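**Q** Take a look at the letters that make up each chain.
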Amino acid sequence: MNETDIGYWGVPLAILGGAIRVSTPFLFVSLGECLTERSGRINLGLEGTLVFGAMAGYAIAYETGNPWAGVLAAALAGALFGLVHGLMCSLPRVNDIAIGIALMLLGMGLAFFFGKPYIQPVAPDLPAIELGSWSSYPQVQAALRVNVLFVIGAALAVVLWWVFRATKVGLIVRVVGDSTDAARAMGLRPNRIRIASTAVGGASAGVAGAYLSLYYPGSWNEGISSGQGLMAVALVIFARWNPIQCFGAALLFGGAGALGPALQSVGITSGYYLFYAAPYVLTLGMLIATSSTARAMTGAPGELSITK
Amino acid sequence: MSDQAASPMSSAAQSVAQVAAVPAASGSLARWARRLEAVALPVGALIVGLAAFGLFLLALGKSPADFYALVYKAGFGTWFSWQNTLSRAAPLLLAALCVALPARLGLMIIGGEGAIVLGGVAAGGLGAAMPWMPAIIGVPLMAIFAMLVGGAWIGAVGALRQKRGVNETISSLLMAYIAIALMNHLVEGPLRDPASLNKPSTAPLAEGLRIGDLPGMDVHWGFALGVICCVVAWVLIEKTTWGFAARLVGGNVRAAQIQGLPVGRLLIGFTALGGAFAGLAGMIEVSAVQGSANGSLAAGYGYAGILVAFLARHNGLAIIPVAILIGGMEASSGLVQRRMDLPDATVLVLEGFVFVAILLSETVYGRFKIFAPERWSSR
Numbered sequence: 001m002n003e004t005d006i007g008y009w010g011v012p013l014a015i016l017g018g019a020i021r022v023s024t025p026f027l028f029v030s031l032g033e034c035l036t037e038r039s040g041r042i043n044l045g046l047e048g049t050l051v052f053g054a055m056a057g058y059a060i061a062y063e064t065g066n067p068w069a070g071v072l073a074a075a076l077a078g079a080l081f082g083l084v085h086g087l088m089c090s091l092p093r094v095n096d097i098a099i100g101i102a103l104m105l106l107g108m109g110l111a112f113f114f115g116k117p118y119i120q121p122v123a124p125d126l127p128a129i130e131l132g133s134w135s136s137y138p139q140v141q142a143a144l145r146v147n148v149l150f151v152i153g154a155a156l157a158v159v160l161w162w163v164f165r166a167t168k169v170g171l172i173v174r175v176v177g178d179s180t181d182a183a184r185a186m187g188l189r190p191n192r193i194r195i196a197s198t199a200v201g202g203a204s205a206g207v208a209g210a211y212l213s214l215y216y217p218g219s220w221n222e223g224i225s226s227g228q229g230l231m232a233v234a235l236v237i238f239a240r241w242n243p244i245q246c247f248g249a250a251l252l253f254g255g256a257g258a259l260g261p262a263l264q265s266v267g268i269t270s271g272y273y274l275f276y277a278a279p280y281v282l283t284l285g286m287l288i289a290t291s292s293t294a295r296a297m298t299g300a301p302g303e304l305s306i307t308k
Numbered sequence: 001m002s003d004q005a006a007s008p009m010s011s012a013a014q015s016v017a018q019v020a021a022v023p024a025a026s027g028s029l030a031r032w033a034r035r036l037e038a039v040a041l042p043v044g045a046l047i048v049g050l051a052a053f054g055l056f057l058l059a060l061g062k063s064p065a066d067f068y069a070l071v072y073k074a075g076f077g078t079w080f081s082w083q084n085t086l087s088r089a090a091p092l093l094l095a096a097l098c099v100a101l102p103a104r105l106g107l108m109i110i111g112g113e114g115a116i117v118l119g120g121v122a123a124g125g126l127g128a129a130m131p132w133m134p135a136i137i138g139v140p141l142m143a144i145f146a147m148l149v150g151g152a153w154i155g156a157v158g159a160l161r162q163k164r165g166v167n168e169t170i171s172s173l174l175m176a177y178i179a180i181a182l183m184n185h186l187v188e189g190p191l192r193d194p195a196s197l198n199k200p201s202t203a204p205l206a207e208g209l210r211i212g213d214l215p216g217m218d219v220h221w222g223f224a225l226g227v228i229c230c231v232v233a234w235v236l237i238e239k240t241t242w243g244f245a246a247r248l249v250g251g252n253v254r255a256a257q258i259q260g261l262p263v264g265r266l267l268i269g270f271t272a273l274g275g276a277f278a279g280l281a282g283m284i285e286v287s288a289v290q291g292s293a294n295g296s297l298a299a300g301y302g303y304a305g306i307l308v309a310f311l312a313r314h315n316g317l318a319i320i321p322v323a324i325l326i327g328g329m330e331a332s333s334g335l336v337q338r339r340m341d342l343p344d345a346t347v348l349v350l351e352g353f354v355f356v357a358i359l360l361s362e363t364v365y366g367r368f369k370i371f372a373p374e375r376w377s378s379r
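Residue numbers (my numbering), protein chains in the order written: chain A, 1 to 308; chain B, 1 to 379.
It should be emphasised that the hints constitute simulated quantities derived from the structure, not laboratory data. Bear in mind the structure is a predicted one, so any value in this text is a computation, not a measurement. Glycine is no exception: its CB is placed at the ideal position from the N, C-alpha and C atoms. It is possible that part of the hints are untrue.
[To be verified] DSBU-like mimics (lysine-lysine), calculated; alpha carbons at most 30 Å apart, straight line:
#1 B:Lys62 - A:Lys116
#2 B:Lys73 - B:Lys62
#3 B:Lys73 - A:Lys116
#4 B:Lys163 - B:Lys62
#5 A:Lys116 - B:Lys199
[To be verified] A short list of chain B residues far from chain A (calculated; beta carbon distances all over 12 Å):
#6 Met133
#7 Asp213
#8 Gly216
#9 Trp242
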């Protein structure tokens, strides 16, 4: 046993590091979805937006040589998807959940369609911050290698929380989300605000995709997303539509997602595929625990179709 | 969904009117006008979706005319391509039922993929354990076991919705991911045939447990089974009291409860039935196509089934032609790739365009005067 071998201590450490790495896409998608749902719409298409964002981000980063150009492209593409969702759902009798499913499939189809030539080339990665350089253990250094986007995401969670709590824009979004009639009485235009909220939410989901393809796992392929865009929708419900709690929930889900690889790294491989299911089981368990038929969920926007 | 909850009274009246089909204007012409709307608008939306995809191809410098000619040729041009199309339609028929049946009760379940893969693993595992079983008992046993597993899986989604208020769209999709992980675990672990090196699979089924082809055709029995299931589902929904009760629940849950209908049992029963059909699709895929259960089960039939169900407006009989149409489009994928140098995801994009078009068509129902006899006399 050499001195950098920390044995089974590597498991919680790898889970911590994994939680930070894996949680970032959850964080961005859930913040975007949180904003959209607070305005009274649900966008189930964020999974497609995420995959398309991953492709667009990777392609643009490769073509320009600048990963940040890729992130910007992914955000723009995501905003476009959100805009389309928002506009379509503003038509009478068009169901936001169904449109979300359709855009999820369309977004993935378009990403695979345009992404074919970019599976082989290698795009530049996003930079990371070495928060673990004080430690001599490579495991600690690896666990605390934090991507810039994680820091931005954490800041975004606080900003969004503050926007909802203390600003006029936040109040407008909340009013529209809680009661279309009240918003109309105030002279607001609910559809426009929902379209804008969905577009901004889509941009955030696009950034989450760019993180996947440009940092971790850090390549573009058709299996890049494992349902993060969808789990984030459940995560927002669990987080009670509170951006700060979205941050905590994203870390938790990230940790669950890191469980399988962490155990594999210390040689526990039996039932690997079952550990791989951990985040989904956790999501489902939380959804069951937090749902109820008897009462409306606390903190739920009044106009949200899934909680009515 | 949202508008129903917003105004329970008005939508209750509306749903009763729809279900009972009380004619406002009488006469067979008026009846036909209403029926025509239910056919003309989806067909119109399909054409709009195909046209929009044509523009997409045009923008990329490819010829839409060449594309659709190829789809026609590869999907429907010859008897050979028809047989290929019908074989591909088989899982779509059953996967679509897993979406359509719950949808008639107002539930949007999109995780049929999970029931398909678990049904396939259940059938493959059972078949591998009893190679000596005669076909007449063995094949039905595999089918029943797959249907039980698939029914329990999607029935659980319905039960969670009914007992705990868990959103069925999200839970079903999460459970699809869990099902695929379970399948990988079983196929690479306890059920793995040691002889399957490159592609972990269950032990190959004995020849007697394979479903063969329909007489005189190169189309397996799965297609016939799928068509029968669609007809059964249609009769159940449209012609029985259970189906009537289910449609009432779909129209307005609260109104159905006030009527004293067993809403919980209906919800769980119909979601479980949908799941059982999806499980059967998995069994057919194993017994008629793959010959053993492996990762190829997660081929996206569950997702294509969502599109089929929506295009058919959740009507069992309409699912049959729609599944054949989508099956033909998917059958043409290979030829389109080779001849036009388009990626294999082209069909996915085409399906996405059609899906969006069909959903947007919801907004024009009742807008065309020609389909609304009660407005014929007014100017």
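**Q** Check each numbered hint from earlier against the structure, then list the numbers of those it violates in ascending order.
**A** Those not satisfied come down to hint 4.
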